Amino acid sequence: MVDSSLIYADIIGAVLSMGGLGLIFSILITLANKKLHVEENPQIEIVADLLPGANCGSCGYAGCANFAENLTGGKTQLSACPVCGPDAAEKIARILGVEVESGERRVAIVMCQGGDGTVKKKADYEGIQSCIGATFVGGGERACSYGCMGYGDCVTVCPFDAIHMNDKGIPVVDRAKCTGCGNCVEACPRNVIELHPLSHHVFVLCRNKDNGKNSRAVCSAACIGCKICEKAVDGIGFNVTDNLAVVDHEKYTRELVLPTEKCPTKCIVIVGKADEK
Amino acid sequence: MTKSYRLILVLTATAVLSGLLLSFLNLHTSPLIEAHQNKVLNDALSSVLPGCDKIEEQFYENKQFYFGYDAQNNVKGIAFLTEGNGFQSKLRILVGMDAGLTQIVKIRILEQKETPGLGTKIETDPASKANPEWFPNQFDELNVTNKITYLKNQAPDKSAGEIMAITGATISSKAVIDIINAALIENSMILKNNTDLKIGVCPAIDAINETSFGPELVPEGAKIVTIDNKTYFLKKNDSGSVTGVAFIASGEGFQSTIKVLACMNPDFSKLLSIEIIEQDETEGWGTRLVNDTTNSDPEWFLKQFTDLYVQKVISTVTETPNKQNGEVQSISGATVSSDAIIKMLNASIQGYRATYLNRKVN
Amino acid sequence: MASKTSHPKEFLKGLWDENPVLRMLLGLCPTLAVTNSAINGFSMGLAVIFTLVMSSAIISLARNIIPKEVRIPTFIIVIATFVTIADKMLAAHVPDISKALGPFVPLIVVNCIILGRQEAFASKNPVGRSVIDALGMSIGFTITLTILGSIRELLGVGTIFAVQIMPLSFEPWMVMVLQPGAFLTLGLMIGISNWLNARRAK
Numbered sequence: 000m001v002d003s004s005l006i007y008a009d010i011i012g013a014v015l016s017m018g019g020l021g022l023i024f025s026i027l028i029t030l031a032n033k034k035l036h037v038e039e040n041p042q043i044e045i046v047a048d049l050l051p052g053a054n055c056g057s058c059g060y061a062g063c064a065n066f067a068e069n070l071t072g073g074k075t076q077l078s079a080c081p082v083c084g085p086d087a088a089e090k091i092a093r094i095l096g097v098e099v100e101s102g103e104r105r106v107a108i109v110m111c112q113g114g115d116g117t118v119k120k121k122a123d124y125e126g127i128q129s130c131i132g133a134t135f136v137g138g139g140e141r142a143c144s145y146g147c148m149g150y151g152d153c154v155t156v157c158p159f160d161a162i163h164m165n166d167k168g169i170p171v172v173d174r175a176k177c178t179g180c181g182n183c184v185e186a187c188p189r190n191v192i193e194l195h196p197l198s199h200h201v202f203v204l205c206r207n208k209d210n211g212k213n214s215r216a217v218c219s220a221a222c223i224g225c226k227i228c229e230k231a232v233d234g235i236g237f238n239v240t241d242n243l244a245v246v247d248h249e250k251y252t253r254e255l256v257l258p259t260e261k262c263p264t265k266c267i268v269i270v271g272k273a274d275e276k
Numbered sequence: 000m001t002k003s004y005r006l007i008l009v010l011t012a013t014a015v016l017s018g019l020l021l022s023f024l025n026l027h028t029s030p031l032i033e034a035h036q037n038k039v040l041n042d043a044l045s046s047v048l049p050g051c052d053k054i055e056e057q058f059y060e061n062k063q064f065y066f067g068y069d070a071q072n073n074v075k076g077i078a079f080l081t082e083g084n085g086f087q088s089k090l091r092i093l094v095g096m097d098a099g100l101t102q103i104v105k106i107r108i109l110e111q112k113e114t115p116g117l118g119t120k121i122e123t124d125p126a127s128k129a130n131p132e133w134f135p136n137q138f139d140e141l142n143v144t145n146k147i148t149y150l151k152n153q154a155p156d157k158s159a160g161e162i163m164a165i166t167g168a169t170i171s172s173k174a175v176i177d178i179i180n181a182a183l184i185e186n187s188m189i190l191k192n193n194t195d196l197k198i199g200v201c202p203a204i205d206a207i208n209e210t211s212f213g214p215e216l217v218p219e220g221a222k223i224v225t226i227d228n229k230t231y232f233l234k235k236n237d238s239g240s241v242t243g244v245a246f247i248a249s250g251e252g253f254q255s256t257i258k259v260l261a262c263m264n265p266d267f268s269k270l271l272s273i274e275i276i277e278q279d280e281t282e283g284w285g286t287r288l289v290n291d292t293t294n295s296d297p298e299w300f301l302k303q304f305t306d307l308y309v310q311k312v313i314s315t316v317t318e319t320p321n322k323q324n325g326e327v328q329s330i331s332g333a334t335v336s337s338d339a340i341i342k343m344l345n346a347s348i349q350g351y352r353a354t355y356l357n358r359k360v361n
Numbered sequence: 000m001a002s003k004t005s006h007p008k009e010f011l012k013g014l015w016d017e018n019p020v021l022r023m024l025l026g027l028c029p030t031l032a033v034t035n036s037a038i039n040g041f042s043m044g045l046a047v048i049f050t051l052v053m054s055s056a057i058i059s060l061a062r063n064i065i066p067k068e069v070r071i072p073t074f075i076i077v078i079a080t081f082v083t084i085a086d087k088m089l090a091a092h093v094p095d096i097s098k099a100l101g102p103f104v105p106l107i108v109v110n111c112i113i114l115g116r117q118e119a120f121a122s123k124n125p126v127g128r129s130v131i132d133a134l135g136m137s138i139g140f141t142i143t144l145t146i147l148g149s150i151r152e153l154l155g156v157g158t159i160f161a162v163q164i165m166p167l168s169f170e171p172w173m174v175m176v177l178q179p180g181a182f183l184t185l186g187l188m189i190g191i192s193n194w195l196n197a198r199r200a201k
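Protein chains in written order, with numbering that gives the first Met the number 0: chain V, 0 to 276; chain B, 0 to 361; chain E, 0 to 201.
Among the clues, some could well be false.
Said to hold, decoys possible - Cross-link-like lysine-lysine pairs, in silico, BS3-like; alpha carbons within 30 Å at most: (1) Lys226(V) with Lys212(V); (2) Lys2(B) with Lys34(V); (3) Lys191(B) with Lys151(B); (4) Lys2(B) with Lys123(E).
Derived from the structure by calculation, the hints contain no laboratory data.
The model shown is predicted, which means the values in this text are computed figures rather than measured ones.
Pulled out of the complex, with its shape left as it was, chain V reads as follows:
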């Protein structure tokens, strides 16, 4: 049998050495903490806590804390984090949304209705099924050079599965799932997608700045710049510039007359419901 005094010596040795190390290092950390303390935006910590904490570096920043710092500072997008689950992403997007706007979630709006059957085809495109790819070779099949090309780059980059192509080749946003991360906005080479808070509910879904004759020639749902909408609201909320009507969301409210019915090409659309959250 092992001599019991040897056993005690072993145990005491282990306890003292481990305890000693623990003590020394904890004192070091305490001192370092005092000397190196940095005032930090409290929001950074809240956001950092919500992040996955895997410190994997995929976002391109040195760990989740660093990412949180840059995120709250507006230097990066939440979509840079591939590990972030939809629950956390929603919470963080809201926290960040608080900073940017008055507490409302933003969603993506696709400002185009020129899908198959509505827009004219100018060519047969056989190439990379990507919008940015098609841009290099003449812009794909659709005759309108301002509108959606339909190859789905926006769908590919959405981390939240919130945008999908419909059967006419126009992307449709699921307003419940969309977090307003902005990936699709960036991905669209024609800047057809915009982010709007839920309270904005009427949009002119067209980007075509050509005159009426030319825009009508390429798409049956194009804005022809006829100004009927502007006249219907006496210029409050709808303005036509460069042959394209644009909604001024500050001025236009639900109580005003809707130009939707009056628009000859039906390019003005009500999006979303009044009680949406």
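Could you slot chains B and E onto chain V? The hints should help.
Just chains B and E now, with coordinates in the frame of chain V:
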């Protein structure tokens, strides 16, 4: 409590608890681990020293030996552990031999992490269903009076110390042989010097080759004899007469032990050549003994000893040395190393000459 | 507002959706190194289960006591303690397996999966959840490693868990038990799991 104190307390407490827990764990596991290691070693020892009533450990010159005794307390076998580098891992081998260190009884590979399916065959070859341990078994009753060598794809001759290498794992096979060869040489010397066991012949050393004895002599393997505890390597010609005698001299150099193989003619009147087989002198200075880059002939120092007459002692001169008088020049900047060589040669030539010339001729 | 994940979901996510090896690509070093046979992969997995579950339990219990400045040293001490326990128990009770696993059991201390789960989960969740999460992750790890080890052993030697499966005439693909085989097999497994996931999403 304040944050700082809590910080210190939590970390220290965690460390202390960890230390406690692990030391209790150790109480439980250490004996088991040690018992297992002992069992492995004992199993291996009884297989490499078969039929021994008792096995005892002994240390000589800090090396561990295991002696197997029979019922009459005579040494029946000697075993030792040896280590070295394999192809990609450290190999640890237990070698069991007869009492005279002339024949390997058995080897056991204790540790290896070679390539699975290739190098691992040095321990066991599952592909060879009938005889998975065919490689280590080749060492059973292997004659090692000369170096162990390997053949590829040929039937080896055990009495000549040959074994067959593993196809596709030549480097691992060669490593095993090199490690055992080196250990045999070293351990034979140690046992010879420290015990009065009749240790038989050492395996031939790499250093012995025909050039050590001059090109006019017929190249043949040297025969190793021991006279009065001194080891000589004899070179014989076809008719059996001795044409050269060599021995190993050693001494302290500037910062390391230097070992020299000195080859002489049979009446010890002339040094035929010397070869430094071991040295670790200062790089660039003492190493000029073997490679003097400042001279057009880098091996000039050792060549001085070729055909050097030594009826008188070897001495150093500063001008052109006269070989008939046993004169040589030392290396500037490495006088200590050069002088050490000369001193050890003088001492050993005297001793070895006396013993050899006074031997009882049978 | 998203609902809190149910207990079964918490466990199952470690098996597939958030499988540490195939989806999160964590802990690849031991994965590649010890899967040269099925039993080795499986044993490593068991060691990781023990370490992850025990560490998660302790750290979750102590999560409100540990100040955040010493989070990392404390986690590491806890993890290292359990790894030492696992290593010594293996060496004491199954020395052959311990020898086969070699230096990779001590390396569990710095296996990203363990520290990652403590940081991401155990330090922020109650014990029950943390243990379930740990079980899911480590069992997912074990299953993956066992499958990987079995494939490599089957093609590289002809056996699984040392039972001859391939016919004796089968010429084993030596590369499978070597390092390139590990990378190839793991890469293919990750590719297949990604493909399966993409199909499910459609």
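Going through the hints against the structure:
1. Distance hint between lysine 226(V) and lysine 212(V) is fulfilled; the C-alpha atoms sit about 14 Å from each other, no more than 30 Å.
2. Restraint check for lysine 2(B) and lysine 34(V): the C-alpha separation of about 15 Å stays at or below 30 Å, so the hint holds.
3. About 34 Å separates the Cα atoms of lysine 191(B) and lysine 151(B), which puts this hinted pair outside 30 Å; it is violated.
4. Between lysine 2(B) and lysine 123(E), the direct Cα distance comes to roughly 20 Å. Compliance with the 30 Å bound is thereby established for this hinted pair.
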